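**Student:** Each chain, letter by letter, is given below.
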Amino acid sequence: MVVTDTFAKFARRMSSTQGWPYVIIAETENPIRQLEPEALRVRAESMMGVIIDGLTLPPREIESRLKSVARAEIHPQGIVRSATPV
Amino acid sequence: MAQAQIQIRGESVEELLARAYERAYEEGWTDGLPIIPATPGSVQQFVAASGRAADEVIGLIPPRKGRATVEAIAVSAVMAGCRPEYMPVILAAVEGMLDPSYPLEFMQVTTNPMTPFLLVNGPVRKRLDINCGTGCLGPGWRANATIGRAIRLIMNNIGGALPGVYSKVSFGSPLRYSYICGENEEENPWTPFHVERGFRREESTVTVFKASNFCNISGGEGVGPEEILRQIATNMPPMYGGGDGVLLLLGVNHARALHEAGLARRDIQRRLWEMARLPVRYFAEGFAATERAAGRGDADTVWRARSPDEIYLAVAGGPGPQDVYIGAGMPQTRAIRGA
Chain W
1 MVVTDTFAKF ARRMSSTQGW PYVIIAETEN PIRQLEPEAL RVRAESMMGV
51 IIDGLTLPPR EIESRLKSVA RAEIHPQGIV RSATPV
Chain E
87 MAQAQIQIRG ESVEELLARA YERAYEEGWT DGLPIIPATP GSVQQFVAAS
137 GRAADEVIGL IPPRKGRATV EAIAVSAVMA GCRPEYMPVI LAAVEGMLDP
187 SYPLEFMQVT TNPMTPFLLV NGPVRKRLDI NCGTGCLGPG WRANATIGRA
237 IRLIMNNIGG ALPGVYSKVS FGSPLRYSYI CGENEEENPW TPFHVERGFR
287 REESTVTVFK ASNFCNISGG EGVGPEEILR QIATNMPPMY GGGDGVLLLL
337 GVNHARALHE AGLARRDIQR RLWEMARLPV RYFAEGFAAT ERAAGRGDAD
387 TVWRARSPDE IYLAVAGGPG PQDVYIGAGM PQTRAIRGA
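Residue numbers (the numbering used here), protein chains in the order written: chain W, 1 to 86; chain E, 87 to 425.
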């Protein structure tokens with residue numbers, strides 16, 4: 001999944017509701033709307049490593065890499081509701 | 087009882103109630119207001135009043151895909167302060183919200199504060215004292231206040247739409263506490279809303295809209311049908327996030343005046359559709375382009391609904407030169423069983 005950082009944790013939560021909390025997420029800094037094609041290309045190239053991991057690593061390896069990350073992102077400790085998106 | 091149970095102790099009734107509220111708030115189970123603690127006995131009573139089995143699954147509520155069993159819904163209804171006999175209305179509303187064409191998942195997570203609006207029709211309004219007249223959008227009526235509140239608690243507690251975590255709503259809305267009224271069928275000179283949607287007059291129904299706002303329209307007294315409609319139309323301009331239709335709750339005075347002038351429901355829909363439009367130069371180009379793509383604009387003008395059919399009319403409220411416009415659409419109507 002490719003997202004801006006504002007939506008990364010939300011993306012993982014939504015992914016977990018669909019049964020796959022360990023999706024590989026390639027992030028880039030928000031916002032990107034104003035970027036020219038050349039700047040966007042730089043951003044995209046900087047995410048290529050993560051994207052290739054997502055396309056090539058076996059699911060078991062992805063799960064082991066992301067297990068603790070996913071837990072913290074999906075159920076942040078001590079957070080029930082938040083005035084600042086978490 | 088299939089729901090998880092917790093025990094709370096207190097030295098007095100006051101302490102017990104305060105602890106129950108504090109615990110529910112800490113767990114994220116409330117809308118911020120105090121709740122009635124749901125006990126096994128009270129939940130059982132509510133399930134019995136529904137006439138359905140406790141473990142019957144009405145559906146899965148997004149985004150967390152929470153199982154909306156009759157029992158889980160009863161828990162929210164008790165917490166919201168409902169009476170047991172409200173259960174059939176709540177269940178029918180949840181059934182409507184779970185229709186695949188209703189945008190419940192989008193509503194649960196988006197930054198826009200859209201929320202369900204419930205319109206109740208039929209004899210159940212009188213039996214449950216659901217206000218459809220003076221002050222029908224609140225506050226002051228237990229059925230209106232608590233049925234709508236139960237819907238919100240169901241969305242949050244079963245569906246998981248907790249602000250800032252799953253729900254990305256930027257501002258939220260006071261309409262998210264409770265947004266419901268009955269139709270004032272007794273003052274509706276045309277056919278009631280649910281009859282228009284294919285139900286029998288003696289049936290009770292609840293219609294769930296996707297609603298984006300609330301706008302009370304004042305004025306248009308003693309000026310004739312064309313001016314009444316113009317006054318209404320100028321208060322319902324094209325708006326971002328308010329697509330998919332318009333629900334106009336016509337006040338009883340205006341309903342009577344328009345009817346006496348010989349206007350049928352269809353005439354009102356058509357005239358409002360023609361009048362509620364503005365020159366394209368009033369809008370940002372991005373918005374105008376979106377509306378054109380949605381069939382609500384051309385090179386010169388942007389209008390409020392794709393067709394007169396998307397202007398839904400009901401009569402509600404008490405006497406006075408007032409109407410209510412709600413950016414609302416995608417209605418789902420369900421029969422209320424066993425109320």
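The set of hints was computed from the structure by calculation and includes no laboratory data.
Any given hint might turn out to be false.
Stated by the list, open to error - Where chain W lies over chain E, by a calculated footprint (3+ residues, C-beta under 8 Å): (1) 111 to 117; (2) 241 to 252; (3) 294 to 302.
What the hints assert, rightly or not - Listed below are several chain W residues computed to face chain E (Cβ distance under 7 Å; list not exhaustive): (4) M1; (5) V2; (6) R81; (7) P85.
To be verified - Using 20 Å as the maximum straight-line C-alpha spacing, the simulated EDC-like pairs for lysine to aspartate or glutamate come out as follows: (8) E/K212 - E/E288; (9) E/K254 - W/E73; (10) E/K212 - E/E113; (11) E/K151 - W/E73; (12) E/K254 - W/E63; (13) W/K9 - W/E38; (14) E/K254 - W/D53; (15) E/K254 - W/E29; (16) E/K151 - E/D185; (17) W/K9 - W/E27; (18) W/K9 - W/E36; (19) W/K67 - W/E29; (20) W/K9 - E/E191.
All values reported here derive from a predicted model rather than from experimental measurement.
No residue lacks a Cβ here, since even glycine has one placed at the ideal position from N, Cα and C.
**Student:** Please go over all the hints and tell whether each is borne out by the structure.
**Tutor:** We went through each hint and held it up to the structure:
no.: 1; hint: 111 to 117; in the structure: holds (count 3)
no.: 2; hint: 241 to 252; in the structure: holds (count 5)
no.: 3; hint: 294 to 302; in the structure: violated (count 0)
no.: 4; hint: M1; in the structure: violated (16 Å)
no.: 5; hint: V2; in the structure: violated (18 Å)
no.: 6; hint: R81; in the structure: holds (5 Å)
no.: 7; hint: P85; in the structure: holds (5 Å)
no.: 8; hint: E/K212 - E/E288; in the structure: holds (12 Å)
no.: 9; hint: E/K254 - W/E73; in the structure: holds (15 Å)
no.: 10; hint: E/K212 - E/E113; in the structure: violated (36 Å)
no.: 11; hint: E/K151 - W/E73; in the structure: holds (18 Å)
no.: 12; hint: E/K254 - W/E63; in the structure: violated (27 Å)
no.: 13; hint: W/K9 - W/E38; in the structure: violated (27 Å)
no.: 14; hint: E/K254 - W/D53; in the structure: violated (29 Å)
no.: 15; hint: E/K254 - W/E29; in the structure: holds (18 Å)
no.: 16; hint: E/K151 - E/D185; in the structure: holds (14 Å)
no.: 17; hint: W/K9 - W/E27; in the structure: holds (10 Å)
no.: 18; hint: W/K9 - W/E36; in the structure: violated (26 Å)
no.: 19; hint: W/K67 - W/E29; in the structure: violated (23 Å)
no.: 20; hint: W/K9 - E/E191; in the structure: holds (17 Å)
Of the hints listed earlier, those the structure fails to meet are numbers 3, 4, 5, 10, 12, 13, 14, 18 and 19, in rising order.
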